[in-house]
Structures are given as structure tokens and as C-alpha cells.
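Work out the full structure, taking the sequences as your base and the hints as a guide.
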Amino acid sequence: MEDNKAIYWHQGMFMQPQHFQMADLHGQFRNKPLLESGLPHFWGVGELILSASAASNRIIEIERAQLLFPDRSYVEYPGNAAIAPRSFDSAWIEGDKPFNVYLGIKKLNDQEKNATQADSLAEAAAAPTRFASLSNTPEVPDLYSDGPPSQVRTLLHVVKVFFESELENLQGYDLIPIARLVRDGDTIKLADNFIPPCYTLGGSEVLMRTIRDIRDELSGRTRQLQEYKSPREMQKAEFDASYMVFLLALRSLNRASPYLFHLTETRQVHPWMAYGALRQLIGELSSFSERFNMLGEASDGTPGLPPYDHTELNKCFSRAHALISNLLNEITVGPEFLAILEYRDGYHAAELPHTFFDRRNRFYLVVRTEQDPKWVADALLNDARLASPEDIPGLVSHALPGLELIHMQVAPQGLPRRAYSYYFRIEQISQLWDSVERHGAIALQWLDAPDDLKAEIVVLRR
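In the UniProt record's numbering, the protein residues as written are 1 to 462.
Please note that the accuracy of each hint is not assured.
In the PhoX-like style, the derived pairs of lysine-lysine whose C-alpha atoms are separated by at most 25 Å in a straight line are [claimed, not checked]:
1. Lys374 <-> Lys454
2. Lys97 <-> Lys5
3. Lys5 <-> Lys107
4. Lys160 <-> Lys5
5. Lys189 <-> Lys315
Label pairs and their in silico Cβ distance ranges [stated by the list, open to error]:
6. Ser318 <-> Glu168: 26 to 36 Å
7. Ala322 <-> Phe29: 41 to 51 Å
8. Asn114 <-> Phe42: 19 to 29 Å
Calculated directly from the structure, the hints in this document are not laboratory data.
These numbers were taken from a predicted model, which means no experiment stands behind them.
Yeah, the Cβ is synthetic: ideal placement off N, Cα and C, and Gly gets one too.
Shown next as C-alpha cells:
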């Protein structure tokens, strides 16, 4: 049936079903250039809810779905479709391997009938044709006048569940992969990381969560680099030209972060657009990397970011997430860990989790106060004691010093230079430091500490 030609409507013609069928198809044909010149890959899942309990019983059951097939057939279930549950018990031959599930709709065939009359939804779902029509449809009211209600026969899309093992011999269907089954011990469940082809981000919670995670990681690193802006307190200190790269990195992150927030504030964005934003971000972040080029390709030959693949969204977006994390780690500076010393029982103390302690980590004491700089440095080195809270009483009673502190004239590489801040490297080879590691806590004892004192332990990777 030629859908690219319009019907010649004329006076006295004898109306046949084919006239209306061809008129309907021609209307779809006229929209073809609009659809093909718009968003690419405009098909897939808009919403999908599968029964997890049915999957554990080896049955695929669709609870709710919005599907746009490659031929632009739009299906809503419940609504204009019939979908029967189907067991995969006999189809999953290799039970130790992941198993993909598809939904398919039969292609329109101009050589045979495309609709089946059915008496029930169950019978309609089992129809061998593209469409099914229920014989006992409800009556429809007259929307424009007071005419009596009338029964109108409608078409239901017959959507069928197919399994990966059936695709080789399957012909004449448009398909959408919707799920992946995996074995978890003795149970079977839907794979948590599977992303079906989607025409909106809202079609997959996994996809939406991945982009939100990237957004949150980006905004978190952006806040970390905020220290390298020029607030009032930094203008009081001599500007370090080496921080210019951090300001440039901050500008890149400030440009990208709001757009990712914009993309994730609605569920109607197409994944292709979101992926383009991530590719652009990777290209910009590569300016600060010696390992990766603008396409995310590593200097050791590791492949970069793959082109957008509508049927492998998890592969694309997970690779983008990993690349962005690596690039952020190359430009983001700041402490590996940070612990604020809170005042209690006469000390400024903090707990240090075991994750803080690594042979590659270097510990610093950072204090902030507006007192005279020379007095602060001398008093902290000569009058204060830094040690484990368990060791402080003994050190005080025997007038012994605490951990050795080395005053840093400038902020260590990786920390912003701020006014009224003083940096001391902690000597980590001593019995006192072994006690700090053993007890997982540290305390600063300073009798004449200024009232505005703020102290923290920062950990930098060597």
C-alpha cells in the first residue's frame, strides 16, 4: 500500500475501508520529514514498570509502559495495547549469563490482514496480528451534539514479549529491549544497571540517577574550588599565580554545573542531548589533564568516550561518568580528608577514622585566628601540644612537648591560601603519632588559645 500518495477525494466515489486506511497512513507519511529532521534516535521507552516479584517467579509481566517504537507507533499500557505476561523458564538456556528481554510489535503487512477480532483482552494479547479489536467495546457519547451514544470499535496494539534466544529466527517485528535478567545466588532479578533505549531521561531511573550523580559530583568539586575565587579575605593575602589554573577550572565547572541542573529538572530531555553536554564537558576538562585528550582518549591508548549508542546507554553514560571523575581528580585540589577540631573538656579535639591513615597521606594542622601572625606561630610551637587525647594529660604533667609541628610559610600545594590562616605539617614518625593512629583521635591543648581560634586537621595525598 502506497502511503506517499494522497487520496483523490471526489463526488460520488464509493467509500471503502481502504480509503480511510490509506488516508491515515498518508497522514503519518506527511509527518516523516518532521520526525526525521528532529531529534535523532527518537524511539524507545518513556516509562516502564515491570513486576519484580513476577521476575523472581520466572515471568515477565508489564505493569505500566509508554513505548515509542522505531516505526513511530506510540503505545501506552494500560491504554491502547494488550500485553500478555510470559514465562522465560524454558527460554533462558544459559542461566549463568545475563538474559535480555524485548517488547515487539508486528510490522504492518500489506499482503495479509493486520487486525484480529477478540472477545477479551487476554484473547487480544494472543492475537498473531499487529492489531486486535474487542468485539464488546463500550459505547461512546456524542461530544458535539445530543445524539445517542454509539459503539465504536477501536484498535489495540498487540505487543509481545520476546527473549534474546528468539531473535535469530524472529522476523517482521519492531523491537525495544526493555530489561536484563541476572542471577543473584538462587534468585533471579532484573539487572539494576540496565538502561533501555529511551526517548526521555525519565524513561529510566538508572539513567536519570547516573546523570544526577555526575551533576552532584561536579557541583561538589565546584564548591571545593570556590576557595580559589577572590573573596575579601583572599584579597588581603598575596595572590599566588599558580592558582590561576584553579580559577580557570572553576570557570569551566561553573559553566557546566548549572546546565546539568537544568537538564535534570525535567524528565522530558532526550538522552542524546544530555550525552552531548557530557561530551562537551569532557573536552573542556581535558584542558587540565596530561592523560586525556578532548575525546577522552588516554595517552596509553585507552579508548575514549564512545559515540552515542541508543541501544547501549549504560555503556555510554557509565564511561562518561568514569571519565569525568578521573578528569575532576586531576584538576581538583584540596584535602583528601578533613577533620574539624571541636572544643570540649579543655581541648580542641577530633576523631580520625581509620580511612585517614595511609602511608601516602600527609597530615597538616591548620589554625585560623586574627591575632598577630608572629605570636600565633611562636605560641603554637612553644606553648601548645598536639597529641592523642589519651596522651595529653601525661604530657602536661611532665611538661613534655606534643607532636612535632613544622611551620609552613605558605599553604601546602593543594590548599587555598587564605588570610589569617596558618599551616603546620605534623611529623608522623614518632610514638606519639603511633598513639594517634591507634586511638583514632587527636587533640590540641593550648591554654592561651585565642577566642576566635578555629583549628582543623587536613590530609593531603603525597
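Hint numbers the structure violates, sorted upward? Of the numbered hints, 2, 4 do not hold.
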